[in-house]
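Asks: Residue numbers (our numbering), protein chains in the order written: chain A, 12 to 419; chain B, 299 to 473.
Since the hints were made in silico from the structure, they are not lab data. These numbers come from a predicted model, not from an experiment. For glycine and all other residues, C-beta sits at the position ideal for the given N, C-alpha and C. Treat the hints with caution; some may be incorrect.
Quick partial rundown of chain B residues pointing at chain A, CB under 8 Å, derived from the structure [said to hold, decoys possible]: (1) N393; (2) F395; (3) A410.
Quick list of simulated restraints, FRET-style, between CB atoms [said to hold, decoys possible]: (4) B:L312 <-> A:K392: 53 to 59 Å; (5) A:F412 <-> B:M463: 50 to 56 Å; (6) A:T350 <-> B:W425: 20 to 26 Å; (7) B:I450 <-> A:G276: 45 to 51 Å; (8) A:I386 <-> B:L312: 51 to 57 Å.
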Amino acid sequence: MQKTSKFQRRAFLALALALVFSLVAVGAAFGQAKEQPKEQPKEQVKLVGDKLGLPGKLGEAVAKTPAGKGPGQIDPSAPRGAFGIPGAPDISWILALCWALWVGWIFSTVGAFGGIMAGVGHITVYGLGDYAKTFAKTSPALNKTLTDSIRTSNQFLVGLSGLISTINYLRTKRLAWPLGIALALGSIAGAVFIPILTGGKISFRQYQGWFGVFVFVVGAVLLYELTPRGQAGKKAAKQAAQAFEKAVKEKKDVTAQGIRVGRFGLTRMTFTFFGVEFSFNPIWAFVGGLVIAAISSFIGVGGGFLYVPYLTSLVGAPMYVVAGTSAMAVLVSMLTSITGYITVAKAGMDWGLIGIQLVGVFIGSMIGPRTQKYIPDKVLKIIFIILALYVGLGYFSQGFFGQKWVPM
Amino acid sequence: MQILDPILILFYRLTGHPLVDYYLGTFLLALLTVLVGELTISIVFRINKAHLDKLNARVEKMKRLSEEALNLGDEKAYRAINKEGNDAFGHLFFNKFGLSAASLWPIFFALAWMQERFAEIALPIPWIGWEINYFFFFLLCYILARIFFGRIKRHLPYFKSMHRMLVAYDHKGVI
Numbered sequence: 012m013q014k015t016s017k018f019q020r021r022a023f024l025a026l027a028l029a030l031v032f033s034l035v036a037v038g039a040a041f042g043q044a045k046e047q048p049k050e051q052p053k054e055q056v057k058l059v060g061d062k063l064g065l066p067g068k069l070g071e072a073v074a075k076t077p078a079g080k081g082p083g084q085i086d087p088s089a090p091r092g093a094f095g096i097p098g099a100p101d102i103s104w105i106l107a108l109c110w111a112l113w114v115g116w117i118f119s120t121v122g123a124f125g126g127i128m129a130g131v132g133h134i135t136v137y138g139l140g141d142y143a144k145t146f147a148k149t150s151p152a153l154n155k156t157l158t159d160s161i162r163t164s165n166q167f168l169v170g171l172s173g174l175i176s177t178i179n180y181l182r183t184k185r186l187a188w189p190l191g192i193a194l195a196l197g198s199i200a201g202a203v204f205i206p207i208l209t210g211g212k213i214s215f216r217q218y219q220g221w222f223g224v225f226v227f228v229v230g231a232v233l234l235y236e237l238t239p240r241g242q243a244g245k246k247a248a249k250q251a252a253q254a255f256e257k258a259v260k261e262k263k264d265v266t267a268q269g270i271r272v273g274r275f276g277l278t279r280m281t282f283t284f285f286g287v288e289f290s291f292n293p294i295w296a297f298v299g300g301l302v303i304a305a306i307s308s309f310i311g312v313g314g315g316f317l318y319v320p321y322l323t324s325l326v327g328a329p330m331y332v333v334a335g336t337s338a339m340a341v342l343v344s345m346l347t348s349i350t351g352y353i354t355v356a357k358a359g360m361d362w363g364l365i366g367i368q369l370v371g372v373f374i375g376s377m378i379g380p381r382t383q384k385y386i387p388d389k390v391l392k393i394i395f396i397i398l399a400l401y402v403g404l405g406y407f408s409q410g411f412f413g414q415k416w417v418p419m
Numbered sequence: 299m300q301i302l303d304p305i306l307i308l309f310y311r312l313t314g315h316p317l318v319d320y321y322l323g324t325f326l327l328a329l330l331t332v333l334v335g336e337l338t339i340s341i342v343f344r345i346n347k348a349h350l351d352k353l354n355a356r357v358e359k360m361k362r363l364s365e366e367a368l369n370l371g372d373e374k375a376y377r378a379i380n381k382e383g384n385d386a387f388g389h390l391f392f393n394k395f396g397l398s399a400a401s402l403w404p405i406f407f408a409l410a411w412m413q414e415r416f417a418e419i420a421l422p423i424p425w426i427g428w429e430i431n432y433f434f435f436f437l438l439c440y441i442l443a444r445i446f447f448g449r450i451k452r453h454l455p456y457f458k459s460m461h462r463m464l465v466a467y468d469h470k471g472v473i
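My request is simple: use the sequences and hints to build the entire structure.
Replies: Structure representation (structure tokens):
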């Protein structure tokens, strides 16, 4: 099976764009870190001076935050809210459950967009974003620690939700090991570097801006799929698949031959699947894994929706092989990234909140299939395109320009 | 979690020896989360079975067609089927999120409770000098509890029939 240069060109273009994105994000983190001293208040203010029993960097940051009842201050006597911080938004469990129900409903009807909505929940619906922003000048360390907690919470919710399916998918034994190893090594590198390089260095505004860019890109892809060109591509694929199905009578005796590893080199690896040889450059698989894991770790998403199209384009292998292989990369990079945030960046977690959200996700996933038939697929897609463009624009403007271009 | 606190802390008062109680209590807590998670996933699975069956049938069909196209060397059909199969796989993959959430949710309530009770405790690892906190120790116990439960569930009432059903589906890659 020959790889087309068109597919490769697209894959490399996407990779180059993603690489630029990662470098700019990391660069921005360092820029922000250097700017920090300018933001120190000149007058001596009374600090909280105690960790208030809060773990890790969260406790340290709280101790260095000005004490008081105003915005950007912490009143130790106030009732404890999110992450156990006194005076932080007290997220109602009913609200968290309802929002997660919506997220679970999306996962079971539309798919990947549920991850974005989980992020919107943490940032906007629960009020954590606005709360983190109040510390931008009074306690930059707390602002950044809260940002790490928010993106790790996103990754927990999205990444762990797919853990069981990921593990079981690997059991189907359609894993192209050479490809998987090259990709997983890159993923580990990306997922290790991002928490080390950006943990505790990204302000909430920066994170919100980049999250907005990400949502905007997802919205643009969904929009493209609805255009006549995007529709034509899908229709052609559907027709070709149906034509093939008619042409080939059902053969029940097709023996699964699985994957056989062939050449194992530094610049070229090969494997055969159903007797057909596939070759790829492991360096590109490594770089792809690194960049995709870096983006996923930075934004706080799973990354599976990026690995699959990238590998389908790079190797041209069957999606069942690619999906299994990329599933391993998702699992490895997600676990590495979460461990990095908790151990290296010492992000504080609100475990109870994640638990409530998972309950909402599984209830939503039971409601989804029963209500999906009442809403046409196209209507659903249009709703999510509008949502993506709206949220993307809102977060982008707030994050990079400090203005709300759309009411939020 | 305050309501459950008097019950959960009983796991940590079984022997009277602080270190042994911490090991044993955390393992029993992890076992409880595995049990509750397995019970929930079985309920969600039963409710969503028809829907998962439908999605799985579509993925299976595209998989078979893809293999046949590859076998016959029909590149055009192979690419088209891959594209269609991507869509089918995506739907199944994200539908399985609900199952994962159903299985994992108790872990986080256990961690929330442990954070309140044992956040300051760090267990030293002999010879290496590192310390592990409640989070990593719980995860370690959870893995052991999962392995343990995996061995005994085929002998437990209710889980016995569920186990048979899940094994049948495991071959299809649904769960």
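Asks: A range of 51 to 57 Å was offered for this pair. Does it hold for the Cβ distance of I386 of chain A and L312 of chain B?
Replies: 53 Å, holds
Asks: Double-check N393 of chain B for me: the hint is only fine if its C-beta lies closer than 8 Å to a C-beta in chain A.
Replies: Since the shortest Cβ distance to chain A is 5 Å, the answer is holds.
Asks: Could you say whether the range 45 to 51 Å given as a hint is met by the Cβ separation of I450 of chain B and G276 of chain A?
Replies: With a Cβ separation near 47 Å, I450 of chain B and G276 of chain A satisfy 45 to 51 Å, so the hint holds.
Asks: Determine whether the Cβ-Cβ distance between T350 of chain A and W425 of chain B falls within the hinted range of 20 to 26 Å.
Replies: 22 Å, holds
Asks: Grab the minimum C-beta distance from F395 of chain B to chain A and call the hint holds if it beats 8 Å, violated otherwise.
Replies: Because about 4 Å separates F395 of chain B from the closest Cβ in chain A, which is inside the 8 Å limit, the hint holds.
Asks: Does the CB of A410 of chain B sit less than 8 Å away from some CB of chain A?
Replies: 4 Å, holds
Asks: Does the Cβ-Cβ separation between L312 of chain B and K392 of chain A fall within 53 to 59 Å?
Replies: 55 Å, holds
Asks: Taking 50 to 56 Å as the stated bounds, is the beta-carbon spacing between F412 of chain A and M463 of chain B within them?
Replies: 54 Å, holds
Of the numbered hints stated above, none is contradicted by the structure.
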